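These protein sequences, in sequence, are chains A and B.
Residue numbering for the first sequence follows the numbering used here, starting at 1 and increasing by one per position.
Residue numbering for the second sequence follows the numbering used here, starting at 1 and increasing by one per position.
Simulated from the structure, these hints should not be mistaken for lab results.
As the structure is a computational prediction, the values presented were derived from the model and not from experiment.
From the three backbone atoms N, C-alpha and C, an ideal C-beta is built for every residue, glycine too.
Be a bit skeptical, because a hint or two may be false.
[Said to hold, decoys possible] Selected chain B positions facing chain A (in silico; Cβ < 7 Å):
{"id": "1", "residue": "TYR74"}
{"id": "2", "residue": "PHE75"}
{"id": "3", "residue": "PHE78"}
{"id": "4", "residue": "SER163"}
{"id": "5", "residue": "THR174"}
{"id": "6", "residue": "THR194"}
{"id": "7", "residue": "ALA195"}
Chain by chain, the residues run as shown.
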Amino acid sequence: MIQRLIEEAPAFFGYYNLVFLGQAMLATLALSAVGSLAGLAAGLALALVRLPNGPLWWPLQATAILFTELFRRVPFLVTLMLVFFAFQLSGFNLPLFAVACIAVFLIATAYLGEIIRAGFDSVHRNQWDAAAAMNFSLLQTVRYVILPQAWRIILPPAFGFFVLFIKDTALASQIGVIELTYAGKVLNNKGFSAALVFGTMLVLYFIISYPLTRLGARLEQRLAKSRHR
Amino acid sequence: MSYTLQFGQVWPHVPFLLAGALLSLQIAFLAFCGGLLIGTLGAAGKSFGGPTLRRGIDAYVVFFTNTPQLVQIYFLYFALPDAGILLSSYAAVLIGMTLNAGAYLTEIQRAGFESVRQTEMEAAETLGFSRAQQIRYVILPHVARVLFPPLSNQYILMTLGTSMAAIFGVEELTGRAFNLNSQTFRSIEVFSVTALLYIVITFFATAILAVMGRVLFRARMRII
Numbered sequence: 001m002i003q004r005l006i007e008e009a010p011a012f013f014g015y016y017n018l019v020f021l022g023q024a025m026l027a028t029l030a031l032s033a034v035g036s037l038a039g040l041a042a043g044l045a046l047a048l049v050r051l052p053n054g055p056l057w058w059p060l061q062a063t064a065i066l067f068t069e070l071f072r073r074v075p076f077l078v079t080l081m082l083v084f085f086a087f088q089l090s091g092f093n094l095p096l097f098a099v100a101c102i103a104v105f106l107i108a109t110a111y112l113g114e115i116i117r118a119g120f121d122s123v124h125r126n127q128w129d130a131a132a133a134m135n136f137s138l139l140q141t142v143r144y145v146i147l148p149q150a151w152r153i154i155l156p157p158a159f160g161f162f163v164l165f166i167k168d169t170a171l172a173s174q175i176g177v178i179e180l181t182y183a184g185k186v187l188n189n190k191g192f193s194a195a196l197v198f199g200t201m202l203v204l205y206f207i208i209s210y211p212l213t214r215l216g217a218r219l220e221q222r223l224a225k226s227r228h229r
Numbered sequence: 001m002s003y004t005l006q007f008g009q010v011w012p013h014v015p016f017l018l019a020g021a022l023l024s025l026q027i028a029f030l031a032f033c034g035g036l037l038i039g040t041l042g043a044a045g046k047s048f049g050g051p052t053l054r055r056g057i058d059a060y061v062v063f064f065t066n067t068p069q070l071v072q073i074y075f076l077y078f079a080l081p082d083a084g085i086l087l088s089s090y091a092a093v094l095i096g097m098t099l100n101a102g103a104y105l106t107e108i109q110r111a112g113f114e115s116v117r118q119t120e121m122e123a124a125e126t127l128g129f130s131r132a133q134q135i136r137y138v139i140l141p142h143v144a145r146v147l148f149p150p151l152s153n154q155y156i157l158m159t160l161g162t163s164m165a166a167i168f169g170v171e172e173l174t175g176r177a178f179n180l181n182s183q184t185f186r187s188i189e190v191f192s193v194t195a196l197l198y199i200v201i202t203f204f205a206t207a208i209l210a211v212m213g214r215v216l217f218r219a220r221m222r223i224i
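Could you put together the complete structure from these sequences and hints?
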């Protein structure tokens, strides 16, 4: 087995394969970055919708709660298939990459919305009351009082989920998005041995994910310190 | 936009899907138990072991938490046969999920072990507790209460994670959904019913675990 790996390695790490793998790596990164950043914005919107009181907001709030509760209970693969077939049947001709982005976006919105809401909850009730006493509107309260305190709570788990999404995008290979795992399958089909191909995939994912994990851990430590002032 | 949803062809197959769900739960349960065992040993090794053992455990955790589970199982399923180890798809998924869960559970449990404060142990010693009594009356109740919520959370995530087994042809819930999809071509309907089943299953699992946590360990958990 080792003999075979050594024989194959020069061909496997040839110029065109490396370019192909590089592109696939970029696709993986782009997929998780676009999905998570859009999900962060939409998650913030979901968390904001749940703040105001009043019967006018109830339908919107019920939708927000239903959305987070449902999408956090469906496996990513199933969401991916649902989005994929929904677009196929609705007749929109979207590229597969966009379809996968939307699936990641939906899941990210549900998870990040919950993280942001927990962050809002962590700010003491008195802060909300004080802002109300100063006649701040709800948006002003969030912008000037709540977010400056809550982001320290929100950022570490949000970062953790970003790293998790990078690994989850491996499932997008199932609908044919050309990202890292799909590239691995293509190279395996070309005849390179599975150990070499998937071993390389593991290393490449590790190269993407590990620095981000370390960064997240450092971030968490620094933010935790500043919280206990 | 001329597609009409037709659930009529899917409803008769719900028992078929539910039987698949049973397999999903089985995989999740077995992988979780295996992972819990690895995690307990790993956390104990990290807390009490020597530097070499600790570095080894760190390497295991860092590797498995930083690579996708899907690619790990691909490796087990497609690369190990080259070395003469032939795994069935079920075994490959189960081993992959167990190893992956072991890494996450090591981290979770280590944090739980660390939450026992030195003063608590000293207090137990002052009261004249033997080592066994300390573990039974001080460490375990504390650790169980702290660990139960993150562990049950991980269990729910793993139940969702079992859908990955479908890619390797295991006939669990998602796998059966794929089958049904290729039989009926009612893709949206099949996958929405599947999603609904996952929602119902995890909903019940969360509720049961939360009640268990509250009654047995007085853990603070939301039931719904």
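To see whether the hints hold, each was checked on the structure:
no. : hint   : verdict
1   : TYR74  : holds (5 Å)
2   : PHE75  : holds (4 Å)
3   : PHE78  : holds (4 Å)
4   : SER163 : holds (4 Å)
5   : THR174 : holds (6 Å)
6   : THR194 : holds (6 Å)
7   : ALA195 : holds (4 Å)
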